[in-house]
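S.K.: Chains as they are written, first to last, in this note's numbering: chain G, 73 to 395; chain D, 73 to 395; chain P, 73 to 395.
One copy or two, either will do: identical chains are not told apart, so a pair holds if it fits within one copy or between any two.
Quick list of in silico lysine-lysine cross-link-like pairs, PhoX-like style, CA-CA up to 25 Å:
| id | residue 1 | residue 2 |
| --- | --- | --- |
| 1 | K318 | K125 |
| 2 | K318 | K118 |
| 3 | K252 | K174 |
| 4 | K79 | K146 |
| 5 | K127 | K79 |
| 6 | K146 | K118 |
| 7 | K127 | K146 |
| 8 | K79 | K109 |
| 9 | K127 | K318 |
| 10 | K125 | K109 |
| 11 | K125 | K79 |
Bear in mind the hints are in silico, worked out from the structure with no lab data behind them.
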Amino acid sequence: MIHLLAKDVASAVKGELLGDGSVAVEGAAGLDEASEKELSFFHNTKYIDALQKTKARVVLIPQQTNGTTLPQGKTLIRVPNPQWAFAQVLGLIDQQRQHHPKGVHPKAHVEPSATIGAGTVVYPGCYIGHNARVGKDCLIYPNVVLREDTEVGDQVIIHAGAVLGADGYGFATLEGRHHKIPQIGRVVIENDVEIGANVTIDRATTGETRVGTGTKIDNLVHIAHNVHIGRDCLIVAQAGLAGSTKVGHRVTLGGQVGIVGHLTIGDGAVIAAQSGIMNDVEPGAVLFGSPARPHKQAMKLQAIYGRLEEIYDAFIQLKKKYL
Amino acid sequence: MIHLLAKDVASAVKGELLGDGSVAVEGAAGLDEASEKELSFFHNTKYIDALQKTKARVVLIPQQTNGTTLPQGKTLIRVPNPQWAFAQVLGLIDQQRQHHPKGVHPKAHVEPSATIGAGTVVYPGCYIGHNARVGKDCLIYPNVVLREDTEVGDQVIIHAGAVLGADGYGFATLEGRHHKIPQIGRVVIENDVEIGANVTIDRATTGETRVGTGTKIDNLVHIAHNVHIGRDCLIVAQAGLAGSTKVGHRVTLGGQVGIVGHLTIGDGAVIAAQSGIMNDVEPGAVLFGSPARPHKQAMKLQAIYGRLEEIYDAFIQLKKKYL
Amino acid sequence: MIHLLAKDVASAVKGELLGDGSVAVEGAAGLDEASEKELSFFHNTKYIDALQKTKARVVLIPQQTNGTTLPQGKTLIRVPNPQWAFAQVLGLIDQQRQHHPKGVHPKAHVEPSATIGAGTVVYPGCYIGHNARVGKDCLIYPNVVLREDTEVGDQVIIHAGAVLGADGYGFATLEGRHHKIPQIGRVVIENDVEIGANVTIDRATTGETRVGTGTKIDNLVHIAHNVHIGRDCLIVAQAGLAGSTKVGHRVTLGGQVGIVGHLTIGDGAVIAAQSGIMNDVEPGAVLFGSPARPHKQAMKLQAIYGRLEEIYDAFIQLKKKYL
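This is chain G alone, in the form it adopts within the complex (with noise of 0.2 Å):
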C-alpha cells in the first residue's frame, strides 16, 4: 500500500509547498487519468483544461505559472521542471511499491564459480553460468540467462527471459554444409546499462560483444555477435544488429530497424523505426527507409511516392504523343 504526504514529496523533490502539506496520496497519474487519492503534474499550457479538470489532490506545477489561473482547493508543488519531479515522485512510489527478494534467490541456479557482487537480486529461474560475473546493485528478473564468462557491470538491470552469451550465429560452409565455428569470446555489459526482456546478446566468436554504460535496450532487440554498442545509446524494442558491427555514443535506434553486420554507426545518429541500414553511417545522421536514407529526403521521396499514379497517367499521354 502506497502512502505518501505531501509535504514530504515537496521536500524530496525540493519544491515549494502551496497548500495543505499532510494531504496523503496512494499514487501518481497523469491528470486526466489520475484519481482523488493520486498525485499528478503540470508541465505544458496546452493541458490548462486538464489540470482545471483533474481529480488529483497533489499536483506539481512549474515556477513560472504567470497567468495560468491554479486550481482552487488543492496542493501544489512547485519545481523547476515538473516532469523531472514527477519520474521522481515515481522513485519514491516504486521504492514502496517493489518486494525485491533479497540476493540471490534458492531457486536460481549460479555456477560455484560466478561472482556476484553486494545489493544483486538474482530472482527465481535465472542461470548463470561458469565464470560469469555480474556487478553490484543489479537486478536480474526471473528466467534471465547469463552464459559463461558473461560480465555485466554495476546498476544494471536485466529484464525477464532476456539470454546473454549464447553461441554467436557463425558457420563454415563446405560443400553447401554449414559446420559450427565454436563462439569463445563472451559478452560484456558496462555500467548502468538496462536490458528488455526476451533480449538476445550473443558471446563474441573471439573478443567481445560489448555494451557500452548508460546504454538502454528495449524488449526482443537482437544483438549479434562482436558487435560493439558504445555509451548513452538507445535501441528500441524488436531491433536488430549483425555480427561485427560499431555503433557509436549516443546513437538512437527505432523499433524494428536492422543493420547488416560490419558496419559503423557514428556517433548521435538516428535510425527512425523499421528503417534497414547496409551502409555505415555518418555520425549525427538521421535517416529513415529500408534501405535507408537521410530521413528529409525520405520523406519528399516518399510524398512524390505517393503521385506515381499521376505521375504515371501523364508520362503514358506525353510518350504516346512525343516518342
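Let chain G serve as the given structure and place chains D and P on it in line with the hints.
M.R.: Same frame as chain G, now just chains D and P:
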C-alpha cells in the same frame, strides 16, 4: 493413445452418421495427409479429387453434396460446417492427448501474495510475482513470467516464455544521459485472451497496459507500456506496438507490423504484414506498406514502382528533346 | 584456463610446423585483436600489414605464400585453408573452455514419458514435456521448453529460452469472435540442427512442423504451425514464417525477413534481409524488398526511386508545356 469412435464423433458434432459407427480413429488430418487410422474433412468441391483419394476412414462432409460422388467404404458424417466440426474433433482429440499437471506445479515460483483461480494450471518454471492475480481455468505454460501486480482474467492461455509486466521503456534524457522513469503501473489481461510464446507485454508507467477480451496474440509480439488493445483483435507474430497506442476492437495486425506510439487504431482496421503505421488509422481501414497507405492504393503504387525503369528511360528522352 | 601447444595445434589441423612447437597459446583472435598469448590466422594478402604487426605468437598461414614476407620470431603453421583450420582451433579451445553439466540437470523438469538420448546435456530450467523425444549428443541450454510430443534428432543444439511445440496460431472466427482450433500436431527437428535463443517453433495443427537436417536458425526467429523447412538452410535472426509454408533445401532467409503462409520457397533461394515474400519463390532466386523482387531489379528500382525528385520536377514542367 487417441481412440475415438465414429458414432461418438457424430454425436459430439451433432452430425448425421452414414456408414459404420463402430469404426475407431486415432487422429485427424487433412485429406491428403490423413492415414487410414485418421479422420478428415471435406468442405469445398475443389478438393473433390483429394476426397476420392484420401486414406482417412472417417470423413466429415457438408449437408449439401449434390452432384459429388461420395467415396465408398468409408464412414461419413454430414454436418452444416465441416471445418467447424473438424475443429471440434480436434478438441476431442486434444482432451485425450493433453496431460496438463493439476494446479500450480511445485517447480513454479508463486509469491505468497499472488492469487490463482480454480482450475488454473501453472507449469514448471513460471514466476508469478507479488500481488499478481490469475483468474479461473487459465493455462500458464512453462517459464512464463508475470511480474508483480499483473492481473489475468479467466480462460486465458499464456504460452511458454511470455513476459508480462516488465518495466516499460521510459527514460528522461538530461544532458545526453538517460535516467530511468520508474514504471509503477501494471498489466491487465481480460478474459479469453491467448498470448503466444516469448511475447512481451510491459507494465504501464502509471495506470494500465490492457488487452481486451477475446484478443489473440501470436509469438514474439511486443506490446509497450500503456498500450490498450480492444476486444477480439488478432495480433500476428513479431508485430510491435509502441507506448500509449490505443487499438480498437476486432483489429487485425499482420506479422512484423510496427506501430509508433500515442496513436489510435480504429475498430475493425486491418494492417497487412510488415506495414509501418505512423498516423492514426480510421475504423475499417485496410492498410499496407511502410509507411502504410490504403491497401488498394499501395498495391497500385507497387505495380507502377515496378515500371520505374521504363518511366525513367522515357523521362530521359523527353527531357533531352523538350526541356 | 586454456593451454594449447603449437605442436599440438599443428598436429590437430594437420599443418606443417615452422618454428618453436613448444610455444603455448591461451586463446585465439583476429590478427589485429590477438594478444601475445593468442593464436591467429592469415588467409588473404590484403591483411599483409596486419600479419606484420600482429602480436599473436602463433599464426596459421596458407600453403602458398609466394612473395609474402613472413614475420620473424613467431611460430607459423602452414595449412591448406587457414580459416577452416582456425575454426578447428576454436573447437580445441572450446573443449577446454566449456564446462557442460552431465546429462539432465536436476533443476530441469522432464516428464517421465519423455526420452533423452545418451550424451545429451539438458541445462537447468528446461521443460521437456510428455512424450517428447530428444536424440543423442544434443545440447539443450537453460530455460528451453520442448512441449509434449516434440521430437529432436541427434547432435542438435537448442539455445536458451527457445520454445518448441507451443500451440499454432489457429482460430475459427464466427460472428467476430475467434475460437481456438486445438493444435494436436507436433514439432520434428532433424539431426544437426542449431536453434537460436528465444526462437519459437509452433506445433502443427495436425501432422508436423519440421526442420530439416543441418539447418541453422538464428535468435528470435518465428516458425509457425505446419511449416516445413528443408536441409542445410540458414534462417537469420528475427525472420518469421507464417503457417504451412514449405521451404526447400539450402535456402537462406536474411534477418527480419517475413514470409506469408502457404507458400513454396524453392531450393537454394536467397532472400535478403527485411524482405517480405508474398508469392512462391523459384529455386535459386535471389530476392529483395517488401514486397520482394529479383535482387538486381530491386537495386535498380531503388536507384531510380532515389531520383524521383528530379523526375517529378521534369514531369511538372513537361505537363505544363505539353499536356
